[in-house]
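Spelled out, the chains give:
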Amino acid sequence: MVATSAAKRSTRNHMATAEHEIPDLPPLTLAEANDDITRPIEAPPWRFWLLLSICGLGIAAAGFAWITQIREGIGVTGINNPVSWGVYIVTFVFWVGIAHSGTLISAVLYLVRSGWRTTINRTAEAMTIFAVMTAGLFPLIHLGRVWYFYYLIPYPSARLIWPNFKSPLVWDMFAIGTYFTISLVFWYLGLIPDLAVLRDKFTGVRKKVYGMLALGWQGSVRDWAHYRRLYLYLAGIATPLVLSVHSVVSWDFAMGIVPGWHSTIFAPYFVAGAIFSGVAMVITLLIPLRWAFGLERYITKYNFDNMAKLLLLTSLIVGYAYAMEYILAWWSADPVEIESFRWRATGFYAGPFWIMVFCNVIVPMSLWFKRTRNSLAALFVISIFVNIGMWYERFVIIVTSIAHEYEPGGWGVYTPSWVELTIMIGSFFWFFFWFLLFSKTLPTISIAEVKEHLAHQQEHGQ
Amino acid sequence: MNNGDTEQNGTAPASDTSRRHFLKVLGVAGAGAATVSCGPPDMGDKLIPYLVPPNDIVPGTNVTYATVLTGAGPEPLGVHAWVRDGRVIKLEGNPDYPNRGALSALAHSTLQDLYDPDRIPTPREKTNGGWSDADWDAAIKAAAATIGSGPTLLITPPVTGTAATLYAAWADAVGADWVAWEPLGHEAMRASNDIGFGRSELPQYDLAAADHVVSFGADFMATWLAPVELAGGFARARSLEDGHPAKMTFVGPRLSLTGMNADQWLPARAGSEVAVASEVAVALAVAHEVARRKGGGQAARVQAMLAPFTPEAAAESSGVDVAKIRTLGEEIAAARAPVALPPDVSGQGVYATEVHLAVGLLNYVSGAIGNTVRFQGGPRRGQSASYAEIRAVAARMREGDYRTVVTAGVNPAYALPEASGFASALNDVENHVSLNPHLDETAAKAGWLLPSHHELESWGDVEIKAGEFGIVQPAMQPVFNTRQREDILLQIAVQLGSDLGATDYKTYLQNAWRAEAGSNFDAWWHGALSDGAVVTSGSDQSEAAPPLTAAAANYTFTLPSATDGLSLILYPTAQFFDGRGANRSWMQELPDAVTKAVWNSWVEIHPETAGPLGIETGDVVRVTTPSGSIEAPAFVYRGIRPDAIAIPLGQGHTEYGRIAAGQGVNALQLLDGTADPRSGALAYAGAAAQLETVGGRGGLAIMQGSDSDLDRSIAELINVDAAMEAAQAHHVDLTELVEAAWDSDPKSPYRWGMTIDLNACNGCGACVTACYSENNIPAVGEDLCAQGREMSWMQIMRYFEETEDGEFQTVHVPVLCQQCGDAPCEPVCPVFAAYHTGEGLNAQVYNRCVGTRYCANNCPYKVRRFNWYTYEDAYPLNLQLNPDVTVRSTGVMEKCTFCVQRINRAKIDAKSDGRPVADGEMVTACMQSCPTQAIHFGNLKDPASTVSRIAKGPRGYGMLGELNTRPAITYLKSVTYAHVAEGGHGGDLGGEAEH
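Just so you know, the sequences run in chain order A and B.
Following my numbering, the numbering of the first sequence begins with 703 at its first residue and continues without gaps.
Following my numbering, the numbering of the second sequence begins with 742 at its first residue and continues without gaps.
Rather than coming from a laboratory, the hints here were simulated on the basis of the structure.
What you are looking at is a predicted structure, and each value in this text was computed from that prediction instead of being measured.
It is possible that some hints are incorrect.
Unchecked claim - Below 25 angstroms or equal to it, Euclidean Cα-Cα: the simulated SDA-like pairs (lysine to any residue) are:
| id | chain 1 | residue 1 | chain 2 | residue 2 |
| --- | --- | --- | --- | --- |
| 1 | B | K882 | B | Q1236 |
| 2 | A | K868 | B | V1091 |
| 3 | B | K1488 | A | N866 |
| 4 | A | K1003 | A | V1063 |
| 5 | A | K868 | B | R825 |
| 6 | A | K868 | B | H1577 |
| 7 | A | K868 | B | G1702 |
| 8 | B | K882 | B | A914 |
| 9 | A | K868 | B | P1487 |
| 10 | B | K1648 | B | T1627 |
| 11 | A | K868 | B | N1705 |
| 12 | B | K1648 | B | R825 |
| 13 | A | K868 | B | E1635 |
| 14 | A | K868 | B | Y1576 |
| 15 | B | K867 | B | G1150 |
Given the sequences, and given the hints that come with them, work out the whole structure.
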């Protein structure tokens, strides 16, 4: 059993390195941990159904708006000449950005053995999946003729024409498709041992469903060895995607010749922004979740402190990028570029620009103080600010740039219509709908990893 | 050959029997509808192939008929009507006419008038609270009965040729009075020419021969006298090809479309009084100069006439710097062939005749009379009642002198101010029969509607110049159950028992020409129809340069003093003219040349006047005169004097159709209806007006973002001296040919390209509407325009450039798809809907487009247009659609294709002849229509082609060339006599590296 011992060794190595990082959990039995984490799954209270219904209504409203748009034409939006990309693309980029920190937390922190991820990675990964699911809708909603969306898919068809691989939109489709696939597989793999726990816990239909999803997991050493190996590989595969997805999304803009888009800093700028917004969203989700499910013993201030630090770091990067865009515009000595950036801060869209700066650069500066980082209320508020600020960042980048391009006679402005705003708000309901379902059907914390940790603690007599 | 039918033009061989057969087949449904009189014929919804195809109808090929449009603006325009499957789909100018193959925007929109769903489809009688359909026999009988029952008045537009004979004969036969009248007439010009030269005709202004054109407020590129012909003439004078370009000076309170194209502006005060002063002052200055330099009795004589004036007094009165008046005088005196143009109606006040006379004197002393202003061979326009005369007619109507009024093709109830009393007098008349094709303000007051044909459905002739006639022939079967106006009159005469020699107008017309035709009438007639024109032996033998009359020599001019407060200017626009363009969506959606606004009325206010009142463009303001008040959005415009405000005419219809009704305001309400006592012309200018803010935004939809190109190599303007120097020093760079080859498939013999000479382009918008007509571009309405969703493939940007003397110059830049060699739109399309063809075009494949709109974002010229909705034309407007061009639907991107359907047609023609496409064979719709020939199109791979030669000229530049998009359009820099300010958003030769 060479493989098994190798697996054991690797597990031990992992445990040993993780030891220093993991926050102390209270002395719980493994059964207690099992019960704590799976308790929310057992009996959803009426509040859950209420929230789920509200989300359903929000989705229905957005669906109605979309149907209206398909029936009437894309003219029901506010977009026009020259601003032919509006709230849909803004919201698309926003959700792709949200999707980022999930993989960062689960894969990158796993590889670098940052133990504080243990209790939050499941939620972060779920958030990633649902955010990509949400984001993926927007390019479709945005299409003038959504019924021909399959023209973008490269498959041998009677049309005998392939998509244009020069187009960043095609790259986008691949980047996001890949990211979604890998994230889903990675998430599902991490869920397998926990699904087995649920299988063992429940009876009846649920047992069957969880049993099927658990893929016959027995918890044998052999299972664990394969699981560990695959998890490591997938973490390795997922890690570059953290960089690639948002780089590719940024190229939707950077590959254009639009002043305000056509910039080499866009890829790192967008990646930093994505992590920034993603971490903020994790905080926004975890604080209520921890309270609602009584998971204070698992998700501790230590987790939040670390996330807050990550938020601060990325805020600084984002702030640096904002400043750098202006410096580059000035340095380029290109009057078109300079005018574009002058107008961005002082023109019709000065409001969104300064909201963006306030939310993304100024508000997060309070995180330098440990007191702020340790106050969940403050963190929650800051994370909301960052969410809003990052939506506006995409709005500012996309809309202000194309509104004020090369041909001054063609300048114009854009205001979103009710259809766009309904669909944008509906996307949040859609996201939360899936997240709520997740929170009541799957363990929001990785039971296996917590138990591993507890076992480790007990082994060492803590 | 059947001599009773219409004749195709030129190349297409005629075979009348089969064409007639074809029209019969096509019109079966229509004929059925005609007999039962139940609305427009339904001929659009069935596709029935021919069992036996007619000989000369080749599917996919146009049949061309030569005819004349008399109702499309102030001048008759020779056209070739392109007919496809029995429907006119496009109008092209006839090169044998004074319009030289060009057309105005208004002329193109005549097609929308032809297919207007708001035309009266069938005779109707007013019954209690509504209209009931009638059949033609009953209608004619009823009309004849009323006409026969008492004194009758017939009001028609001014006509020439056989129609004039018929109307007079008809009036005689039925015992009626005939009055011909048009709203924007030339009363003052006729009156002043009569005083000055004893000739009440309109002279021929030969702008092509001029070297200095001084327009005293004449908007000759848009609405005055003969805009297509005059704009073309001026463009030839302005050309740098053969020598120094002509200079233009504009004198007047407001820069019109023409004024924007002038090299210098002498902003004389509004209102005729002061205008007279400035004009006379100029004349005086010239007289001094001529007297001093050349001597001669003429100048001395004029000088004596104008003795009360000094340049200082004139300057005081007109508000123009005295030095500028003197300089202008010197320039005119030094000019080889100067010409001065009198004001159009926007400068027509109570001293209109004096202004015209002063300008006439100026032309006289400068030697222009007989040279650039010729009474011989001048344009023939039908005699028209003056405003004072039509007011007198209204008085007679009120007094009950007429029992019946017949209005035929005129809309006085709209186009006369309320103060004239015409509209109310019309209510007092017992019977009113209207032959108007639309239910306009006048027809709405009628008891019987006998709708007449559109010109494109009619027979007729028109005198263009002395001895030169155009023949009007129907280009298609009638769209509705209407009859020709002259036929209706003849049939009424028959009912009343009068014999006018024929019972239908075609026979009447042919009879009129029989004497001219000689022995073989049929052959002669077919030839005339095919050419669309006839030259008779009788030509104008009159004196080209009549001497000043004694009356003129004794004429006493008065020096009007300046008035306080704001003076009101009302002006016609190229798109609406006297209001007739208002029910055509192409005209409503054609951005005004000055304001770039669509679908509305506005009030032009100088920034210095607007500022203290806190008025910004789009704010609603109220303009009040003693006669009335209107509310409209403001347009803050630096091209108007601070003491004047200007409002366009032609909008504010209460009837006329779904598009016109309720759009904008009718500013005629502001006039008190006074007339110039000498000519009887209505005083459109000079009323004292109050301006106040109302609050609220009027939502003026302006189709241009910024008035400045920010010095971005979009609108380039250079001084004339620099341009002339560069033209001499220029060497052709042969590498361009290689580069052109790189932009298309090396195996293709073609790389299509275009040149647009901004020095010729005056911003009239004819190309824009030609493009709408050719390419099935929908008009989307005011709300969508305000949202930035206009569909025009071609937009004329109007950029202001600063000059060294603190003034500004205007450059009009037609912006359309540049068909870039290295197009930013192409690589970003995920589905290859935007791709590069072998001939260098940026093609757009509509049925591949999924509507990501990435291409539009990435287009630096912002010329791509997205179909936000599916736009559908109401029947029968859809009959105008060009079958060669796909009608686009929602969610699809579109843009200029360089009229790819015409390119393909030219290539097919060439291929069947086994030769390459010849230079000049392929003409885009915009190029064809351009009155100034600013646009040229051709093959850039052929170094000998016109377009290659022009593109390689010294003034050529690529728009936003530094982006290296390698546009196929080369713009030629606009040239001005002004000195362009350093960094004043103008370019200078030599410093740039576009090529």
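So, going through the hints one by one against the coordinates:
{"no.": "1", "hint": "B:K882 - B:Q1236", "result": "holds (7 angstroms)"}
{"no.": "2", "hint": "A:K868 - B:V1091", "result": "violated (68 angstroms)"}
{"no.": "3", "hint": "B:K1488 - A:N866", "result": "holds (23 angstroms)"}
{"no.": "4", "hint": "A:K1003 - A:V1063", "result": "holds (23 angstroms)"}
{"no.": "5", "hint": "A:K868 - B:R825", "result": "violated (42 angstroms)"}
{"no.": "6", "hint": "A:K868 - B:H1577", "result": "holds (14 angstroms)"}
{"no.": "7", "hint": "A:K868 - B:G1702", "result": "holds (23 angstroms)"}
{"no.": "8", "hint": "B:K882 - B:A914", "result": "holds (17 angstroms)"}
{"no.": "9", "hint": "A:K868 - B:P1487", "result": "holds (22 angstroms)"}
{"no.": "10", "hint": "B:K1648 - B:T1627", "result": "holds (19 angstroms)"}
{"no.": "11", "hint": "A:K868 - B:N1705", "result": "holds (19 angstroms)"}
{"no.": "12", "hint": "B:K1648 - B:R825", "result": "holds (20 angstroms)"}
{"no.": "13", "hint": "A:K868 - B:E1635", "result": "holds (21 angstroms)"}
{"no.": "14", "hint": "A:K868 - B:Y1576", "result": "holds (12 angstroms)"}
{"no.": "15", "hint": "B:K867 - B:G1150", "result": "holds (19 angstroms)"}
The structure shown violates the earlier hints numbered 2 and 5.
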